[in-house]
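Participant: From first to last, the protein sequence lines stand for chains A and B. Heads up: the first sequence begins at -15 in my numbering, then just goes up one per residue. Heads up: the second sequence begins at 67 in my numbering, then just goes up one per residue.
Don't read these hints as lab results, they were simulated from the structure. Some hints could be false.
Sample of chain B residues lacking proximity to chain A, with all beta carbon distances greater than 12 Å (derived) [unchecked claim]:
{"id": "1", "residue": "K68"}
{"id": "2", "residue": "K232"}
{"id": "3", "residue": "E242"}
{"id": "4", "residue": "E386"}
{"id": "5", "residue": "E408"}
{"id": "6", "residue": "E442"}
{"id": "7", "residue": "L569"}
{"id": "8", "residue": "R697"}
{"id": "9", "residue": "K734"}
Here are the simulated DSBU-like cross-link-like pairs (lysine-lysine), alpha carbons at most 30 Å apart as the crow flies [as the list claims (entries may be wrong)]:
{"id": "10", "chain 1": "B", "residue 1": "K728", "chain 2": "A", "residue 2": "K38"}
{"id": "11", "chain 1": "B", "residue 1": "K347", "chain 2": "B", "residue 2": "K402"}
{"id": "12", "chain 1": "B", "residue 1": "K347", "chain 2": "A", "residue 2": "K35"}
For each residue, glycine too, the CB sits at the ideal point set by N, CA and C.
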Amino acid sequence: MWSYILRNLLQRLVLLFIVSVIAHGVVHLAPGEPTQVDPSNPRMKPEDIVKIRKAFHLDEPLHLQYAYWMRDLLSGELKSFKDSQPVLPKIWDRFLNSLPLFILATIIVWTLSFPTGIKAAIRRGSIYDRSTAFIAYTLISVPGFFLSYLAILWVVAVLGVPVIGMRTFGMEDAMPWFQGMDRIWHLVIPSLMSALGGIAVLSRYVRSQMLEVIGQDYVRTARAKGLPEDQVIYHHALRNALLPFVTMFGFLLPGLIGGSVIFEQIFAWPGLGRLGYDAILSRDFPVILTINFIAAALTLAGTFVSDLLYAVADPRIRLH
Amino acid sequence: MKLKTILIVAPLVVTVVLIQSYFWVPSYETQTVGNPSRVEKFIDSSIGDAKILNPIIQADSASSDITTLVFEGLLDLDENLNLRGRLATEWQVTEKAYLAVISGARFIDGTPVTAVTLEQRLRRAIASGLIPGLKDQVMGLRRVAAEERSEDISLPGKDDKAQTVKLHLRIPERIEISLRGVDQDLFEKLIPVIGAQYADSAPYDRWVEVEPNERREAVRSQFPQWVPVFEHNPIIEFKLRKGVKFHDGQEFDAGDVKFTYDAIMNPKNLSPRTSDFEPVKKIEILDPYTVRVVYKRLFSPAINAWMMGIIPEHLLNDVELKKEMERRNISPELRKTFGMRESEFSRHPVGVGPYRFVEWQSDEMIHLRRNEDYWEGAPQYKDYFYRIIPDKLTQEVEFRSGAVDRYSARPHQIARYKKDKRYQNFTSLGFGYTYIGYNNRLPLFKDPLLRKALGMAIDVREIIKYILYDEAERVTGPYPKNTQWYDQSIQPLAYDPEGAIRLLNELGWKKNADGWMEKDGKLLEFNLLTNNGNPIRKAVVTIAQNAWKKIGVKCNTQLFEWAVFLQDFINPGKFDAVVLGWSLSQDPDLFQLWHSSEAGPQKLNFVGYNSAEADELIVRIRKEYDIDKQRELTHRLHRQIANDQPYTFLFAPRATEVLDKKIVMMKKDGSYTKITPSRSGSIYYSFNKWKKLEHVPEFK
Chain A
-15 MWSYILRNLL
-5 QRLVLLFIVS
5 VIAHGVVHLA
15 PGEPTQVDPS
25 NPRMKPEDIV
35 KIRKAFHLDE
45 PLHLQYAYWM
55 RDLLSGELKS
65 FKDSQPVLPK
75 IWDRFLNSLP
85 LFILATIIVW
95 TLSFPTGIKA
105 AIRRGSIYDR
115 STAFIAYTLI
125 SVPGFFLSYL
135 AILWVVAVLG
145 VPVIGMRTFG
155 MEDAMPWFQG
165 MDRIWHLVIP
175 SLMSALGGIA
185 VLSRYVRSQM
195 LEVIGQDYVR
205 TARAKGLPED
215 QVIYHHALRN
225 ALLPFVTMFG
235 FLLPGLIGGS
245 VIFEQIFAWP
255 GLGRLGYDAI
265 LSRDFPVILT
275 INFIAAALTL
285 AGTFVSDLLY
295 AVADPRIRLH
Chain B
67 MKLKTILIVA
77 PLVVTVVLIQ
87 SYFWVPSYET
97 QTVGNPSRVE
107 KFIDSSIGDA
117 KILNPIIQAD
127 SASSDITTLV
137 FEGLLDLDEN
147 LNLRGRLATE
157 WQVTEKAYLA
167 VISGARFIDG
177 TPVTAVTLEQ
187 RLRRAIASGL
197 IPGLKDQVMG
207 LRRVAAEERS
217 EDISLPGKDD
227 KAQTVKLHLR
237 IPERIEISLR
247 GVDQDLFEKL
257 IPVIGAQYAD
267 SAPYDRWVEV
277 EPNERREAVR
287 SQFPQWVPVF
297 EHNPIIEFKL
307 RKGVKFHDGQ
317 EFDAGDVKFT
327 YDAIMNPKNL
337 SPRTSDFEPV
347 KKIEILDPYT
357 VRVVYKRLFS
367 PAINAWMMGI
377 IPEHLLNDVE
387 LKKEMERRNI
397 SPELRKTFGM
407 RESEFSRHPV
417 GVGPYRFVEW
427 QSDEMIHLRR
437 NEDYWEGAPQ
447 YKDYFYRIIP
457 DKLTQEVEFR
467 SGAVDRYSAR
477 PHQIARYKKD
487 KRYQNFTSLG
497 FGYTYIGYNN
507 RLPLFKDPLL
517 RKALGMAIDV
527 REIIKYILYD
537 EAERVTGPYP
547 KNTQWYDQSI
557 QPLAYDPEGA
567 IRLLNELGWK
577 KNADGWMEKD
587 GKLLEFNLLT
597 NNGNPIRKAV
607 VTIAQNAWKK
617 IGVKCNTQLF
627 EWAVFLQDFI
637 NPGKFDAVVL
647 GWSLSQDPDL
657 FQLWHSSEAG
667 PQKLNFVGYN
677 SAEADELIVR
687 IRKEYDIDKQ
697 RELTHRLHRQ
707 IANDQPYTFL
717 FAPRATEVLD
727 KKIVMMKKDG
737 SYTKITPSRS
747 GSIYYSFNKW
757 KKLEHVPEFK
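If we strip away everything but chain A, and leave its shape as in the complex, we get (with noise of 0.2 Å):
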């Protein structure tokens, strides 16, 4: 176990280095330059384009531009080319914005999802079954920021109230009861739209493994000792299928940093995706390169958690 272990973690500082060399070069040879290497700005001069570039070693070669960078990542020092703030602090602090959107998508998503999965795989082939399917199926099709901006058009006209960003702004001096409130009530909409996708998903997965464990011996020999059809199911049936499930949560951690682009981008939301994504436009290099750095090193985390955590839950895992 513990070999496998070892083993595993330099395998995954391996490929966590090759990933950073590839993402490195892709990043640096897309075309385009920083936004601050602009000469269509009137006021630069080419010396003072020269300048810049230097200042950010854009005149150095590829290999030693990584070793600056990587040096700085490691050093805590990488700046933003668009602020010349420290990167790490910057991405902390839109990674907090981020993790209650991501904390109450998430809780929706797993509240949501095994109710509605474990009653259609219940009543197979009833009318629940049949238009919760054609629901997730309309859900998984119709693109996420369409129906984020019909329900934001909804709730405007319908309701009046203010939906974007993660505050109604002007309310400083209003009871602390409000302001929480209107803050839960901006978390709302953006993490329902984030969970529908996944609702939708999850709650197929859960049907499906429900449909198969019921099907299996076990099941019978339960319900054969004549015990109650709720017991069957929630204690005989759901423990078994939620084997999968934990290796899930091992998943989740890449989810964290690469936030909701999209969703943030339409609800004004200032989190970690939204910093990622004007990153790229600006081509502010320090900042994408070490936000897909951190999201690799979470990818490959939660990818070894969830081996781990199968082997913990599934007695019959072994891993060598």
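Dock chain B against the given chain A, drawing on the hints supplied.
Facilitator: Showing chain B alone in chain A's frame:
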């Protein structure tokens, strides 16, 4: 069953908690319920976040929206776009001109030139009235001794790396002429004394030494700049406002003005505004409230540069930056390059403006609060929020739900908003226009008549009507239409496809069997490009393609992502024709856009416009300090460019701002009036006087 209950109760609880929160959120009508101070807050919105809140470093419009409220310049523009004093109460423009004594040169009558004879002859000529008009202008004349000076300059060397070159300059003896105003033709007026060929005998090889010497040829063309025979030194003397305080209580004085200049020129700060201040020779502090700025050469846009915000010396000088480095524990490696860009000041600015900085949450909002001690009286609004909402549609949605107080409507929405009783609207022309630019260097586009024919084939009225919903005006030349530099009397090209065909026929292009224009076996065919992501430009491309097809011109179109578009096509000049737009300022100087010397790669005259007449006008405009004369010159330049048609000038879009009707402009006596925009159309000109009333006011 426990598990079953949990599975049913949990989603219910989550749903109820989330939905009930709705009942606490204010709608447009209930904004002030339980929150009466809402009317004292103004909430603005922007597509993009500010980058850096330091007026000498920032280059983006969001940052300047904020810094114009937090900082203040010496001057700004009044409602008619004329200069007005802010931190400066008055300013005076004079000139000192220098004439180098070229030993070895001869006067017209053959006598050799020496400092003494030159001075004597000039004095006599001016006093006797031999040179008309100069007697009243000239305040004094004196000799200045020769001097030597060393300088380092940096040149772009191999592989984009900068190379430092040492200069050693031997400046000869000179005659200094003090003038009451700036006169760009002074030395031409002196020709009767010194002769027209005086400068030709300047011995630059004796005056300039370059190290390393192999770069000498590369910089030879700049010798006359470094040791000029004729030198104009315009001087601006500013009297500063007394008793103005920065937001932290420190008083503003001449030291801050000089410091701001020094900071811009400090290479560590990588200021994008160095070119505005590069012509400054020196800044002298005469007393704490008087600053004298001496310029190296005639450069009239320089005065506009003083509209830039003044930054506080006492918070940003070397001592303070050093303290900050200690406090933040910056590594020795980074200390070498640590400047204002890195300083926390850029995220916590302190200025003298009407609003003081409170808080900035990146990509969410910037919060400012009014400066109670503002020298012109505190603004009406207590708080100013600058929200960042990256999506146009949601911006409007927030406006309609009352969470944003201003909205700039898109063309197709303007008609609707004008009818809406809840809002007031302001339409203005702005400083931008859209055009089709032809690569003037290509043999195909060399002939102005061909460019004119192409322009005549396009029905611009149709574009304005169907693409911009009539929210645009036709333009005919290079200046923004709402400035005095634009000549309103110039008529736009008439839409005349028949005439265009005739014109092409005259140029030798004939329709072939397939209906395409052909000359010497070659089709009249080219590519029209524009950048992706701008639906209006995309539509213009399609309309132009179709319009040209009708007269037998074959045009292929393509869209590219902005960065690729610039790097692969515009910067190297590898394109046939493009649809693009300019967003300009009230500045009459168009050197970078139209002068033939700015047509190289990475320059802004990327269409390669080259006209000797226009070049001369452009140079004269930037040397002219008299506004009336400047206007005359800009009108001539406008006409010249309109005749040459290097672009097909299309339209200037109108912008419409929508505000709640309850927002009015307060007068000093406590009464209020409707908000009136300035000549440029900006409603923000009077922003400090805005106030939101509790009720909708009635105006006649």
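Participant: Determine for every hint whether it applies to the structure shown.
Facilitator: Results for each hint:
1. K68: violated (8 Å)
2. K232: The assertion about K232(B) holds, with a minimum of 16 Å to chain A.
3. E242: Given that every Cβ of chain A is farther than 12 Å from that of E242(B), nearest at about 30 Å, it holds.
4. E386: holds (17 Å)
5. E408: violated (5 Å)
6. E442: holds (25 Å)
7. L569: holds (33 Å)
8. R697: Label holds. Min Cβ-Cβ 21 Å, cutoff 12 Å.
9. K734: Consistent with the label, K734(B) stays out of reach of chain A, its closest Cβ about 27 Å off (over 12 Å).
10. K728(B) / K38(A): violated (52 Å)
11. K347(B) / K402(B): Given pair K347(B), K402(B) holds - Cα atoms ~27 Å apart, limit 30 Å.
12. K347(B) / K35(A): holds (22 Å)
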